[in-house]
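Following the hints, position chain B with the ligands against chain F.
Which chain is which? The protein sequence lines are F and B, in order. Residue numbering for the first sequence follows the working numbering, starting at 1 and increasing by one per position. Residue numbering for the second sequence follows the working numbering, starting at 1 and increasing by one per position.
Bear in mind the hints are in silico, worked out from the structure with no lab data behind them. Note that the coordinates shown come from a computational prediction; the quantities given were computed from them, not determined experimentally. Just so it is clear, CB atoms sit at the ideal spot from N, CA and C, and this is done for glycine as well.
Now the stretches of chain B that chain F is said to cover, found in silico as 3 or more residues with beta-carbon under 8 angstroms:
no., segment
1, 26-37
2, 159-173
3, 182-196
4, 251-265
5, 369-377
According to the in silico footprint, chain F covers these stretches of chain B (three or more CB under 8 angstroms from chain F):
no., segment
6, 40-54
7, 142-151
8, 216-227
9, 383-389
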Amino acid sequence: MKILICIKQVPGTTQVDIDEKTGVLKRSAAAAKMNPYDLFAIETALQIQEKYGAETTALTMGPAYSEAVLREAFSMGIDHGVLLTDRIFGGADCLATSYALSQAVRFLGMPDLIVCGKQTTDGDTAQVGAELAEALDLPQATNVLEIIDLSEKAIVVKSDLGNFTQTVEICLPCLITVEKDIYEPRLPSYKRKISTKDKPIQILTFADMPDQDKNHYGLNGSPTRVVRVFPPAHEKENEVIQGSPDEIAELLFQKLTRLKVI
Amino acid sequence: MAGIIVHPEKIISYADIENLCPFGAIEVFPDQTVQINAGCRLCKVCVRKGPEGVFEYREEVISAANKAEWQGITVYGEICPDKTVHPVAYELLGKARELADKVGCKVCLLLIGNHLNQNLEDFFHYGADTIFLYDHPILEDFQVERYAGIMEDYVAKQKPSVILIGGTPSGRSLAPRIAARLKTGLTADCTQLDMQPNSDLDQIRPAFGGNIMAHIRTPYHRPQFATVRYKIFSAMEPDLSRKGDLIFCALPEKLQCRSRQLEIGIKPKIKNIEDMDILVVAGRGIKKKEDLALLRRLSERLGGDLACTRPLIEAGWMDARKQIGLSGRTVKPKLLIACGISGSVQFAAGIKASEMIISINTDPDAAINQIANIAVIGDLYSVIPALLEKLG
Ligand SMILES: Cc1cc2nc3c(=O)[nH]c(=O)nc-3n(C[C@H](O)[C@H](O)[C@H](O)COP(=O)(O)OP(=O)(O)OC[C@H]3O[C@@H](n4cnc5c(N)ncnc54)[C@H](O)[C@@H]3O)c2cc1C
Ligand SMILES: Nc1ncnc2c1ncn2[C@@H]1O[C@H](COP(=O)(O)O)[C@@H](O)[C@H]1O
Chain F
1 MKILICIKQV PGTTQVDIDE KTGVLKRSAA AAKMNPYDLF AIETALQIQE KYGAETTALT
61 MGPAYSEAVL REAFSMGIDH GVLLTDRIFG GADCLATSYA LSQAVRFLGM PDLIVCGKQT
121 TDGDTAQVGA ELAEALDLPQ ATNVLEIIDL SEKAIVVKSD LGNFTQTVEI CLPCLITVEK
181 DIYEPRLPSY KRKISTKDKP IQILTFADMP DQDKNHYGLN GSPTRVVRVF PPAHEKENEV
241 IQGSPDEIAE LLFQKLTRLK VI
Chain B
1 MAGIIVHPEK IISYADIENL CPFGAIEVFP DQTVQINAGC RLCKVCVRKG PEGVFEYREE
61 VISAANKAEW QGITVYGEIC PDKTVHPVAY ELLGKARELA DKVGCKVCLL LIGNHLNQNL
121 EDFFHYGADT IFLYDHPILE DFQVERYAGI MEDYVAKQKP SVILIGGTPS GRSLAPRIAA
181 RLKTGLTADC TQLDMQPNSD LDQIRPAFGG NIMAHIRTPY HRPQFATVRY KIFSAMEPDL
241 SRKGDLIFCA LPEKLQCRSR QLEIGIKPKI KNIEDMDILV VAGRGIKKKE DLALLRRLSE
301 RLGGDLACTR PLIEAGWMDA RKQIGLSGRT VKPKLLIACG ISGSVQFAAG IKASEMIISI
361 NTDPDAAINQ IANIAVIGDL YSVIPALLEK LG
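Bound-form chain F, shown alone:
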């Protein structure tokens, strides 16, 4: 069985600030790191590997320095790493990102199972997984809470449906996105980190993509456009309420109604 895990490098913290006057984003000093949700995807693949036997490959798309997340995946126990990088992919929204990833998968050969994280902490969309499944014409299960069974032909998973859970059997090959806490991600091993230090990483660029139409990648392949970014309005009111218990209760009642708590 071959498992592909999609991982992404994200800024070390989400504490990006915007200078309110100039509108400039102030980059946080913290170094980039692996998208924390993707650790669960890696752990899921490793758990399956241990229980059923599998060959694992981590795939990431990003600038050259995103190689770091593949190294981290190695030190957790992932077998192979693929970096998809080309300036043509810059400015990609979810559709163009998932399309480029799908082309990389087609180049690498279809695995039996693709595992994605629930979402990223920078884009925060939780869309790339399902869009990748569609681009590859694979069935999908999102918000997976538990892997129940795996055979050569199908996987049985339990997914979160809000107030309900849904257990489904899905034909392989397929794509799943896993919830935080599906398994406790293992810590990277120092020994493995050293032993995989020089492990080669496969680099793919636009030239490797089966689809050579540039208009399907990066900004040209992105239907959405960011008109502008701006700081969130500081609605942080700071209001002091005094009065009789009844007056206070009435004011609180109105607030709670407006907050849609009641």
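This is chain B with the ligands only, laid out in the frame that chain F set:
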């Protein structure tokens, strides 16, 4: 090529060029070539704030949808396993009605399921002009491939300009699936929506964990998809005189599905205070253990949980898992009501990410009053019973 174009000949100083980009997408090489790498998000900060003329944004329109062919706003009404329509649909209808009235178009509701157990007239009262219903036994349970096939059929026939989908787990599974199939844009978790006269949807959403807001459009593609979470918008006041058309739709001929449902389970109620949307927090203003019942009643009435400060744990009044703060848990509820809490730094560290903090404290100088969005100066023993009475 479209994107950010660098004009290196206009660079006067290389210092700070790289730091201009919040995403680290500008790379200056030792030979002084400057490249935009794959990290670029097109935020255009370099164009606006960089040295004059060095960074240029170039746009290329490859092909554009004929917007006149795409009309109206469709709300997808999710049918839950208990056969009711998820309430986010009413809120989406309310927003859709507002936008539709602004630009003069129709609001449709799309329902996919089997033997829906609800009075559909209701949706006309809440803003829908037309309901399209795909009702069939094979649609009994949510299978994303099949549902995407239905939506594809619907879009091909009705050509809506905008489709709004509730940001529920299944909505967020379905929306990207169908948006990718139609090769169009999808904006997740919008918190504000507006519409241009040319039917372009203005979508505002938080990114980076809410630290920045992004205004997004889908200018050349139709339909425009957006997801919106529950309790972001408001349903309209129902207008009982509103009527509409109910259209029964036939299943498309081909509906691929490579999964099958084995079981539906009821999710055990989450009880971790970290996962709660609403928290009532007890502090040492509570005089004795029995009085916690008062706060528990409030938390139950609001659908939340009860947490506490450290002294109450030390007194053995509550389970240690309910302690908030530096040596306890960090919470981020939508609403936190701090009752009889002074607001020490160790406690405050655990509540900073809360969206709305209400404090009830007799001391006008308590530190919590600085942290709270609403600081009630009053006695919790009289304010909370009065509030409970109003809540009924
Ligand atoms: C290393 C360290 C770690 C710590 N970690 C934590 C932690 O994780 N979590 C934590 O909570 N604490 C922690 N503490 C303890 C912290 O410093 C405070 O002692 C504690 O938070 C105070 O709790 P309190 O606000 O409930 O009580 P108090 O500070 O005693 O405040 C009680 C408040 O109730 C008000 N009040 C009294 N009667 C009423 C009434 N009838 N109606 C309304 N208001 C009333 C008073 O005006 C007062 O402001 C830590 C301390 C240290 C040194
Ligand atoms: N650039 C990328 N490279 C590899 N995987 C990605 C990338 N972007 C997103 N993903 C995968 O898609 C998931 C959802 O991402 P998002 O839609 O950005 O929230 C992530 O958890 C990853 O598994």
